[in-house]
Amino acid sequence: TAPPPGVILVQVNPGETFTITTEDGHVQCIQGPAHVPMMSPNGSMPPIFVPPGYVSQVSAPLLGVFVGVALLMKRTPSCGGVSVTGWFLLWGLPVICSVFEISESDTESKKFDTHLSIGKPVVSDIQARSAVLSWNLPVSSQNGESHSHSPAAFTFEVAISNSGKSGKFKSVYVVSATSSSIKESVSELVSFTTESCEPDCPAAPKLVNRTKNSLSLQWKVSRKQSDVFTHSVLTLVLPGYGFQPQYNGDELSCTLRNLRRSTSYKFRLFAYNSEGKSSPSEVVEHSTNPDKPGPPSKPTAKGKIHSHSVKVAWEPPKDNGGSDIAKYVLEISEAVIGSKWDTIYSGSQREHVCDHLKPGTSYRVRVHCASDILTVTTSAVPPGPCPAPCLAGKAKPKEVALQWGPPAVDGGSDITEYVLEMANSEQEERRQVYQGAAPECTVSSLLPGRAYCFWLRAANRVGFGPHSDKAEISTAPGPPDQCCKPAMACKNATCVAVSWESPACNGAEISEYRLEWGQVEGSMHVIYTGPCQSYEVKGLTPATTYYCRVQAVNVAGVGLFGEAGVVTTPASVPAAVSVLQLLEEDQMEAPLPLSTCLAIQWEEPCCHGAEITGYNIEYGEKQLVTVGRNTSHVLENLQPDTLYRVRIQAINSFGVGPFSHSIKAKTKPLPPDPPHLECVVFSYQSLKLKWGEGPSRALITNPTQFNLQMEDRFGRFVTVYSGPCHTYKVQRLSESTTYYFKIQAYNDAGEGEFSDVYAFTTTKSPPASLKAPKANQLEENTFEITWEPLQPMKGDSIVYILQLAAGREFDQVYKGPETSFRLTGLQTNCEYRIRVCAGRQSQDAAGSQELYGPYSPSAVFSSQKQELEPQCAAVPTELADSKKTLHEERFIAIVLLCGFAVVAILFAVVIQYFVIK
1 TAPPPGVILV
11 QVNPGETFTI
21 TTEDGHVQCI
31 QGPAHVPMMS
41 PNGSMPPIFV
51 PPGYVSQVSA
61 PLLGVFVGVA
71 LLMKRTPSCG
81 GVSVTGWFLL
91 WGLPVICSVF
101 EISESDTESK
111 KFDTHLSIGK
121 PVVSDIQARS
131 AVLSWNLPVS
141 SQNGESHSHS
151 PAAFTFEVAI
161 SNSGKSGKFK
171 SVYVVSATSS
181 SIKESVSELV
191 SFTTESCEPD
201 CPAAPKLVNR
211 TKNSLSLQWK
221 VSRKQSDVFT
231 HSVLTLVLPG
241 YGFQPQYNGD
251 ELSCTLRNLR
261 RSTSYKFRLF
271 AYNSEGKSSP
281 SEVVEHSTNP
291 DKPGPPSKPT
301 AKGKIHSHSV
311 KVAWEPPKDN
321 GGSDIAKYVL
331 EISEAVIGSK
341 WDTIYSGSQR
351 EHVCDHLKPG
361 TSYRVRVHCA
371 SDILTVTTSA
381 VPPGPCPAPC
391 LAGKAKPKEV
401 ALQWGPPAVD
411 GGSDITEYVL
421 EMANSEQEER
431 RQVYQGAAPE
441 CTVSSLLPGR
451 AYCFWLRAAN
461 RVGFGPHSDK
471 AEISTAPGPP
481 DQCCKPAMAC
491 KNATCVAVSW
501 ESPACNGAEI
511 SEYRLEWGQV
521 EGSMHVIYTG
531 PCQSYEVKGL
541 TPATTYYCRV
551 QAVNVAGVGL
561 FGEAGVVTTP
571 ASVPAAVSVL
581 QLLEEDQMEA
591 PLPLSTCLAI
601 QWEEPCCHGA
611 EITGYNIEYG
621 EKQLVTVGRN
631 TSHVLENLQP
641 DTLYRVRIQA
651 INSFGVGPFS
661 HSIKAKTKPL
671 PPDPPHLECV
681 VFSYQSLKLK
691 WGEGPSRALI
701 TNPTQFNLQM
711 EDRFGRFVTV
721 YSGPCHTYKV
731 QRLSESTTYY
741 FKIQAYNDAG
751 EGEFSDVYAF
761 TTTKSPPASL
771 KAPKANQLEE
781 NTFEITWEPL
791 QPMKGDSIVY
801 ILQLAAGREF
811 DQVYKGPETS
821 FRLTGLQTNC
831 EYRIRVCAGR
841 QSQDAAGSQE
851 LYGPYSPSAV
861 FSSQKQELEP
871 QCAAVPTELA
881 DSKKTLHEER
891 FIAIVLLCGF
901 AVVAILFAVV
911 IQYFVIK
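Sequential numbering from 1 applies to the sequence shown in UniProt numbering.
These are calculated hints, taken from the structure and not from any lab test. Quick caveat, the model's predicted, so the values are computed rather than measured. Note that the Cβ used here is the ideal one computed from N, Cα and C, for glycine as well. Treat the hints with care, as some may be off.
As the list claims (entries may be wrong) - If you anchor each label on the Cβ, the simulated ranges turn out as follows:
(1) Q244 x E334: 53 to 61 Å
(2) G338 x S307: 22 to 30 Å
(3) F464 x S196: 26 to 34 Å
(4) D250 x F464: 39 to 47 Å
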């Protein structure tokens, strides 16, 4: 920016002295380094010479304004002989001084890596548009020690502000640096006020209205001159007299009257205050309006008057009103009373042919003229008051839609915009919420259920009109505000009293509160809903941290949850043991006599803030045993087959906790004694054994099991049966062999002892079945019967029995060791059946015994038919009777079978129809 007229800066180098003779004749010596402001008498700027590293700089002039300057110092490249002490010519701004340290190499950067401190700048020689700022060499501190630097180590920068300490600072003086490694230090703020002086040159006056003999002018004063301005002088150029004062006063407008019509005038403006007069403004030129012209001469007929036309002419008016005649208007009318005038010509000519006339008719003709068209617009004024804004539609909780109409009086200019202002009440400060051309707006970011005051004013090109009447509009009720953090107090280890304050209801009464509770802040659930503002939370866990928060509800909705409160319940006795169980036999590490012992196990409960030291176990008739911190125990010396109730409680330093739930546990009975073992059926290859009293088949409810063992060929007893049955058949045995057995009973109580050893012997096996014997006829009534022989069985001889049947019954005909026999005396033409079986003869202590096997299949033969038929008639008759009886029996069996089948089918149909369906 350019310096004020006539001001220059003179730099004084170190070691030099600058001498100044002031206006009062005194001599002032200024020691270098320094900068001296000087005023040029003719306003010209002489050449300024500065050494390397310095720049002459000026700032924009300000007039009697409270201003500030910021000084920043930077280290610059070496330039010997240049002072570190800085100065600057200022025009009154708040002064703040900063220093930047710049290093030229890595080594030098490390050297200056310290904290810099620059002193507060000093302002002197304060003038109306200038001041002198000086500062001292900055000092660095490292490890509590102060160090000075070479003069060429820094660059200074000055920043100014004319809007106070919190205003925006603008850099006005800086010396360039070549390095970018900068560390900044800012000085303290310095404030000062410049002296007052004559006003600045005002702006040229503007025309706001004019007539044929008056001009209305208006001018403005800049904001920075408004405090020192006192009055204005408006001058006017009069012909032959030059500029003459026409107005002298403190108003910013005036109207000049009694001027000539359609005349141009020149104007300029001066501003005055207590310090003097400003320079004149720019010359402007404005003209008055012309006047309307006088009447033209009376029209005359020119030439012959025809039956349908006539040519008329006229002379121009003697007074044209100060402007050329733009047009003439010719009107015609029949010479009859009451006829109207019709315009037949409009133009700049002074003659016209009137045609389309009626023959023999009298006409009247007149003419008038008009000067150049002049459009005159009266000075507009601000519009009148607007109607109060009203609600458009329904109000919402946080916004309202407003609409309004234009003012009744627009002030002679179109409405350009509206400004809507709002306040919480009529007494509070208003704030603008809308500015625009639309006659409606939506005001948002409001609070629900609140009444707001609105004022509206309209603006045209002249300015704003007055405010409208107050409009009081309320927002719709909204959900309540967010609740505050609830207050929480522990009544005991398991009860907390919670209370809270009521938030703003936002236009609708709060109907209920919702209290959320939980052990995790992000996972809580509602435990109370109601109108009360306190609640007791019971059944809590001691030594536990809980969170809670509150939410308010009204008819408009649900408010936000408030901040979560937190509380920790005090420590207490342990909690009840929740898991208590009886250990099964397969869960035990070592076998136990379950008839007299019970093994129990439990889970450690919550300690409630104090370590668990032990447990009390109650069983039986309130027998109590105390154990340590183990979670399992064996109750010993109990009664067999007895039911016990067991419960447990934990112990800590606060006392004993509540008992757990009771469990029922029953000791097992004592193991059973072995039963008596006996053999009920002997066979040559099996033995059916029986023991005890009970069913032969297994019962589900039978708790006693049996273990039957038999001695093998190696002398070891092996289990041949294990189960609940009381009988067992041992098969695949050898004949006539003694086997040894023992038995054991066991149940839930355990395994009993084995019985004594029992010995059982199998019987001898009978001979095998023989094939059917063969019959060979030797003579007419003689047959030889033969069969296959069998080998002796373990030294026992074999005997055979042969049986013969002529009818239904067999008769023994032979017994002996032979394998053939001759039958004699048989009847001729008769049918016979024969069969044979083998028998085993043995000797034992009881004497001789015979053991016979099964008979062989029957063989049929018949003797040849002889002449003496009557002698054997009895035998065929008997055989016929036998066959008849056999046929009858078969028929009866078939009938019975069919009857049973029919009955079964009928039962199936009945069950299907009546039961299943």
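If any of the earlier hints don't hold here, list their numbers in rising order.
4
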